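Chains as they are written, first to last, in numbering that gives the first Met the number 0: chain R, 0 to 445; chain G, 0 to 640.
Simulated from the structure, these hints should not be mistaken for laboratory data. Careful, some of the hints might be misleading.
[Said to hold, decoys possible] Derived Cβ-Cβ restraints for the label pairs, each shown as a range: (1) R:Ile255 / G:Leu26: 34 to 42 Å; (2) G:Thr37 / R:Glu210: 55 to 63 Å; (3) G:Leu139 / R:Ser325: 32 to 40 Å; (4) R:Tyr284 / G:Tyr213: 31 to 39 Å.
[Unchecked claim] Which residues of chain R face chain G? A partial, calculated answer using Cβ under 10 Å: (5) Phe18; (6) Phe19; (7) Ala23; (8) Gly98; (9) Arg100; (10) Gly179; (11) Pro209; (12) Leu307; (13) Tyr382; (14) Cys386.
Keep in mind that this is a model prediction, so the values were computed, not measured. Think of the CB as a built atom: it goes at the ideal place given N, C-alpha and C, for glycine as much as any other residue.
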Amino acid sequence: MIFTPSGGFKKNRVDWILFFTVIALLTLGSLAIFSSVAVLPQQARIIRTHLIAIPLGFAAFAVIWSLNYQIFQDQWKFVYGAALLILLGVLIFGVVDKGSRSWYHLSLFSVQPSEFARIALILVIANYLDKRITRIREFPVVLGAIFLSLPVFLLLIKQPDFSAVLITLPVVLIMLFAAGANFFHLSVILGYSFITALFPVLWTVITLNPELLESPVINYFFHLPDFGWNTLLFVAGVGAAAYLLWVLSVKLYSNISGMFFAGAAVVLVLGFFSGIMVKNQMKDYQQKRLKVFLSPESDPRGAGYNLLQARIAIGSGGLFGKGIFSGTQSRLGFVPERHTDFILAVIGEELGFWGTMLVMGLYVLILGRLKACAHLARDRFGYLVNCGIFGMFMVYFFINFGMLLGLSPVAGVPLPLLSYGGSNLVATLMALGLAQSIYARRYALV
Amino acid sequence: MIERGISRDRLDILWLCVAAVGLVFFLRLVNLQILMHTYYRNIAEKNRTQILPQSAPRGRIYTRDSAAVAANKPSFSLIYFPGRLRSVDTMDKIAASLARRLSVPFEELRASLYKAVKKEAPMRLAENLSLKAMFSLSELKTLYEGIDIIVEARRYYPFGNYLSHLTGYISKMDAKEWAIYGKNKNYSMDSRVGKTGLEKKYEKNLKGKDGGIYLEVDARGKLNRILESRKWAPGADIYLTVDSKIQAAAEAGLKKSSTSRGAVVAIDPRSGAVLAIASMPDYDPNRFVSYSDEKTEDDFKELPEFNVAIQGTYPPGSIFKIVSAVAAFESGRLDPAEAFFCPGYYDAGSRVFKCWEKKGHGRMDFMQGLTHSCDVYFYNLGLKTGALNIEKYSRAFRLGMPTGIPLPDEKSGNVFGPSKRAARKSYWFIGDTLNLSIGQGELLVTPIQMAQMAAAVANGGVFWRPYYVERVVNSEGKDVFKGKPELLSKVVLKDSTWALIRDGLKQVVLEGTGRAAKINGVEVFGKTGTAQNPHGKDHAWFVAFARLPGEDSEIAVAVLVEYGEHGASSAAPIARDVIKAALRGKLPERREKSQGTGQRSEVRGQRSEVTAEDAGAEPPTAQSGLEELSVSTTAVLEEGR
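Just chain R, with the same shape it has in the complex (with noise of 0.2 Å):
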């Protein structure tokens, strides 16, 4: 029944233009990975891996594109319940790399099962909005759909990885705004959201600069995270201050209702916790990159002069590039992470201007492509798991291109299907299958 093709065998089972360019992409990155780790002591190591990742995708997209799709809503809890387990196994039986607890060792290779983690919570969100599709515009719903995800993202912080949930989170809300849900619902989230990323922000900002501790205000506010009496004033502080907004509303006629003020308070409050959480959660090297992004002049050899030396390899590529294989900045060592995060960088010096146009071409038609299986869809669940599977490719673009192209902060977020990461090729094509899936069925009837 599992194997059984939906809609008889028709010409078009395949979306073969996504199918090419997946193809396509993963031949430049090859090559880019393979000219980048050439001068590397593990480039055997790399090499090698790659090449074990490589067939093991396909595996993957071919398994997942002949199972329907529908299986996965039938059986969500499995789904749910696996990646929530593969996550909590990490914990226990991970390494440490990096200062992070988030991968398996195995013989051959590492698993980090958070990339797989991410495909099952598109499956159960989408799921989730399916089913509750008619209540989308109520904040329960939405709520519902954070409090479903929340137990994953809980479990990424403590790994910790950041980049994870910098991934992880945009791609929820992104459904959520598929599905229709109230912009001033998702803006409550996304304040919230901020406001959890905005302490940390101001009390890295408060250590660079010590001379604000000077003004009593600043230095009550740097003392809050020490959980005293100042703390209990903060949250009553937060409380009166959203009541008296309301009563002066209600003085002056206004129909703003007193759930706005009350929500308001209690988003500051919420968000107050989890940022003194997320503070306390943050690993050395990710506050230095905090620090880093806050003032790059503090560390100029360090995630700074990395970010510039990329740049420098991206500028002195040109028009045409210097050729593959012969990139000074990549093969010397000058950029950083050249196989992960910043492939980009190698395909730039080494291709051109061409090179990346080309990269941002075929991103941009794959994004395309799934838009177009989204809206080919035969139901509602297919049509949002696309859109979560849209949402992801959409966010890595943004974020590894505004990284490398000096608009939004350092962070490591690789290109999928470029950079070198076995769990992320894996994860990255079992998605597309899961499109694939979808696109392949989407004239069988229910």
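Start from chain R and add chain G according to the hints.
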């Protein structure tokens, strides 16, 4: 479309977002990869290349007869590249092991290493290594990466002190020089530049084009491969008008003089070409080429950079009598046959002026007065001629004016006379006239001015600008510069005056005070002088010019021996040696030796140890040896690459 209960606009909005952000990325990429491409490419190139500069051999300096005064020889330097091993511990270890082998203080080496790492540039740790040091260091090369030995051309002055004031020396740049030369890409912080003399004046020509090895390094500074090895182009060679034999004679003469201080300037009266220019005390320019350490710092402080020949000003003493006599006869105020009685002094009323001969010379006409340099005769001559006339002719003879030799900081001396006094609103006394007529008082001249004057008397009043560079030949063998005689002015006198003066000067050498300069078979014209020095012993002067009978004068020479007391005894023999060196090969053979010594023994100065061999002194090293040296230098340099 299957009814989903969802508006499909939402996905389209997201699709629009992708398009908008994609457009931003596109514009950013255009800016980065197309518009700013050159900027980033240059940074990328700079990132990966490390230049190991190799200074080009400076141009050599040759004398007229092709003796190399300044050449180059291969030198081995220790270089440090800031590489992967840049922890403080490693650098301390490197510094410690180098300090043991190089006998350079540990702290200094460590500071250099730190600086190299900080500047991310190669650094010379030691230069001019001995062969022994090199062997013990080559073993270090294998232990620590980043340490390397390179070969370079190093300035070398084969004759040491020889001609040092003219050639000058090279050394490290100071901040001021760096501000000037630093703009030129050809100079690096540790380039050597000419500090004085020719080395400074012709820095541009001598420098040459530095080469370098362009190395590709990776992000950790580790050497990857050699990208390009750019060969240096040697600097232009300079050929001087100075003759090595004449110069050697001048220097040997000065060195052997009683005080070993003074100057000799020899000029070709036909063109103004400087044949010899010696100044003592001198120095060895080789001292400054080497790597700076404390010892050379001290050397700098007491360096005898003062070039007596162009910067020393002295009263001319009796050699000024030439000008006084010219003034007297040219103005027609005095008949050369008119004689005055010399009792050994002259009573000017308020004060008694003495003649150098206390016993007195008796009755003297011009010929005798000049021959014996009788002061009393010239007191009378001065009074008859008038101070204004003498002043006029001292100006015509370009006293008080720099000769214009292209060397920095030439002094102009001082003319002295009634008009100058008047300009200063002061009075002129009769005593001043007397002082002026025998060249004492406020009159100040430099040795090169006197040589120029002697040359003018020899060639009939033509004043050339002295020049010493015959040509500058660049590495391709083309002349970049050619020295040319340059006429400054001409003194036009009656033929009778010239004849009278020349006869007198010839007589001085034949039977008068200048007998020590007599050379058989050569017509030598000369005049001795003694410059009164209130601070110590008098300075000795001798000016002369010489010709073979029937030919034009070939050399004019001025000799000053500081504190030499008498021109006749200390200055004249030096002039004789110089003239002999200049006319070598044209003199009648032999015979002269016994006569030369015989004559000299009569002279008051008792310089019997001077022999004819000394007079024709050879330059310190044989010519052929020099050429061999320069050839082998290039050979080793080629090999070293």
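These are the hints, each one checked on the structure:
no. : hint                            : in the structure
1   : R:Ile255 / G:Leu26: 34 to 42 Å  : holds, 41 Å
2   : G:Thr37 / R:Glu210: 55 to 63 Å  : violated, 41 Å
3   : G:Leu139 / R:Ser325: 32 to 40 Å : holds, 35 Å
4   : R:Tyr284 / G:Tyr213: 31 to 39 Å : holds, 36 Å
5   : Phe18                           : violated, 20 Å
6   : Phe19                           : violated, 20 Å
7   : Ala23                           : violated, 18 Å
8   : Gly98                           : violated, 23 Å
9   : Arg100                          : violated, 29 Å
10  : Gly179                          : holds, 5 Å
11  : Pro209                          : violated, 27 Å
12  : Leu307                          : holds, 9 Å
13  : Tyr382                          : holds, 6 Å
14  : Cys386                          : holds, 6 Å
Of the numbered hints given earlier, the model fails hints 2, 5, 6, 7, 8, 9 and 11; all others are met.
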